[in-house]
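Engineer: Protein sequences, first through last, are from chains A and B. Take any residue in the first sequence, count from 1 to its spot, add 286: that is its number in my numbering. Take any residue in the second sequence, count from 1 to its spot, add 17: that is its number in my numbering.
Rather than coming from a laboratory, the hints here were simulated on the basis of the structure. Some hints could be false.
The list that follows gives simulated cross-link-like pairs (lysine-lysine, DSS-like), each with its CA atoms no further than 30 Å apart [claimed, not checked]:
1. 146/B - 427/A
2. 427/A - 248/B
3. 248/B - 478/A
Residue-level listing of the chains:
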Amino acid sequence: MNTMTENSTVGYVTDDGRQIGGTIMEMKNITLRFGGVVAIENISFDIHEGEIRAIIGPNGAGKSSMLNVISGFYHPQEGEVWFNGQKRPSMKPFEVAALGIARTFQNIALFKGMSTLDNIMTGRLTKMKAGMLSQAIWWGKAAREEEEHRQKVEEIIDFLEIQAIRKTPVGRLPYGLQKRVELGRALAAEPKLLLLDEPMAGMNVEEKEDMSRFILDVNDEFGTTIALIEHDMGVVMDISDRVVVMDYGKKIGDGTPAEVLANKEVIDAYLGVSHD
Amino acid sequence: MLYREAGDFKTSYAKDNQTFPIKFDRVAYYILLVVAFGVVPFIINDYWANAVIVPFLIYAIATIGLNILIGYCGQLSLGTGGFMAVGAFASYKLMTAFPEVSIIIHILLAGGITALVGMAFGLPSLRIKGFYLAVATLAAQFFLVWLFNRVPWFYNNSASGQISAPERSVFGINVTGPHVDAWAQYMICLVFVFASAWLARNLTRGTMGRSWMAIRDMDIAAEIIGVNPLKAKLTAFGVSSFFIGIAGALLFTVYLGAAEVGEAFGISKSFLVLFMVIIGGLGSIFGSFAGAAFMVLLPVLLKNILVGALNWPTDLAAHFQLLIVGALIIAFLILEPHGLAQLWRVAKEKLRLWPFPH
Ligand SMILES: Nc1ncnc2c1ncn2[C@@H]1O[C@H](COP(=O)(O)OP(=O)(O)OP(=O)(O)O)[C@@H](O)[C@H]1O
Ligand SMILES: [Mg+2]
Chain A
287 MNTMTENSTV GYVTDDGRQI GGTIMEMKNI TLRFGGVVAI ENISFDIHEG
337 EIRAIIGPNG AGKSSMLNVI SGFYHPQEGE VWFNGQKRPS MKPFEVAALG
387 IARTFQNIAL FKGMSTLDNI MTGRLTKMKA GMLSQAIWWG KAAREEEEHR
437 QKVEEIIDFL EIQAIRKTPV GRLPYGLQKR VELGRALAAE PKLLLLDEPM
487 AGMNVEEKED MSRFILDVND EFGTTIALIE HDMGVVMDIS DRVVVMDYGK
537 KIGDGTPAEV LANKEVIDAY LGVSHD
Chain B
18 MLYREAGDFK TSYAKDNQTF PIKFDRVAYY ILLVVAFGVV PFIINDYWAN
68 AVIVPFLIYA IATIGLNILI GYCGQLSLGT GGFMAVGAFA SYKLMTAFPE
118 VSIIIHILLA GGITALVGMA FGLPSLRIKG FYLAVATLAA QFFLVWLFNR
168 VPWFYNNSAS GQISAPERSV FGINVTGPHV DAWAQYMICL VFVFASAWLA
218 RNLTRGTMGR SWMAIRDMDI AAEIIGVNPL KAKLTAFGVS SFFIGIAGAL
268 LFTVYLGAAE VGEAFGISKS FLVLFMVIIG GLGSIFGSFA GAAFMVLLPV
318 LLKNILVGAL NWPTDLAAHF QLLIVGALII AFLILEPHGL AQLWRVAKEK
368 LRLWPFPH
């Protein structure tokens, strides 16, 4: 891999020969506090277009908080979020969605009362433009749009191999499939940047392999930039291009999986060298 | 058995997405429409119109409205009576101010005005949820009744404080006032019911319905997907109140003819419609009809059986009715939150697989 300068806007070539683009997202000196708790302390890192960026760290390190800052749930006291070369003003989550950022949650957050199909259709909301009147009389744009988007959703259903559960209410699905449907719902938005908060947590080996394959395929086939949080180091080594390591709200490592693994601080944090 | 999906393959997404995907249901629906529009008007009499059918149709509209808010969008409201009063008083003011304009227009406008009022009272839903929202809408209920009682402008300064519907006709046929035929009352309500159900079905199956349900099921995930919670909740309050306003206008103009606000649109009306939603089934248009039918028919049935056949005193029968409704609400809430609509779905599922259970 080429050497990477901090905040570089030029791309690089990965070990397996993929061309990665310039910076798509940049977090600059983010600090996030909850009362006395400092969840994120002065962290900066960037995400390049087309790469798979992992965020790792022990429990409570502030990883989910970081995704919540990116998706507009949390508003950091200090620091700037840059997206597509522009400083992003403070935004609400639904405005962030409109920028082309989609995500999944650490604890599954599907729409329990709806079918797989409807969950994924809902993911296309930002793309559907028919007015209320057209929807009310189901004529013209609304009906046309529904069919076009259904086509797209069916492609995602095929891609994730969940045809058989299309009409099943998601509440009845096993855990692993729910995670897959949630990925489908995020993909439905055709995001530029996809955030995955522990997409493989609680899965067995086989399910993890499937999920890894889907993540790699999404990145490969659609060129989607992915930032993911994951605890399983094996998976992280396998699929990510670059890794940010967090511990107690601080960034303690940043680089390729190999670089990060060789980092003393990271090893200490992971081998449970006591902090206190 | 004919109730089968087999051999009924869908060849397009539009077909897969239609309201009645199973042919048997579709045929049953068309037959129902033919009977409702082509047969009932010729056989309906005053007793059936007044005791059962007209109130059923009007409450079905109100139930569809409330179901959109509670069943689809997950926002609890106890203000239904007050919003129906808005529809009633709006139609009264419009009818008396613009006597030359068609009553159909007035009823639609009354719905529109109620929608605006509903949205205004829906604003707190952005900040508060569940129990607290219910209390806020309860406050709306009491405020609106108080307002219509207190400000004489709303009832044109009439001495009794009542409003009474002037005589109006559609295509030269009276639909309000003292000289109305049962079939005419029935027809105007039927047309409004049909249109309401159709509009509600369309709105709930598209983008808007999905954003309501997303808010209902998981509001943080809804936001991350791009649902603007303000817009979703306010449109739910607006659309819901539109239907409830139309129901209130019809109840006053076509059914009651004259109304005193506290009596006709008090808190008990809010609960009546809420019970219809719960018993019929949250989040189901069909359930809205089932719930309205059930709650309208039950007192008639009990009265005929207990008072008519068993000679119970009337007040005892009335108390017994409250008891039954109470027990049923609890039973449905605990055992089947999706109400009669779900029982019906389960029965159909069984039938579809019959005689092979798997
Ligand atoms: N909404 C909140 N209010 C108060 N404290 C919070 C909130 N969200 C996160 N925190 C705190 O911030 C810290 C970081 O939490 P976060 O969920 O980001 O960790 P994490 O790295 O995702 O951990 P895990 O691996 O367990 O998911 C924790 O101390 C947590 O208690
Ligand atoms: Mg986390």
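Engineer: Run the structure past the numbered hints and jot down the numbers of the failing ones, going up.
Structural biologist: 1
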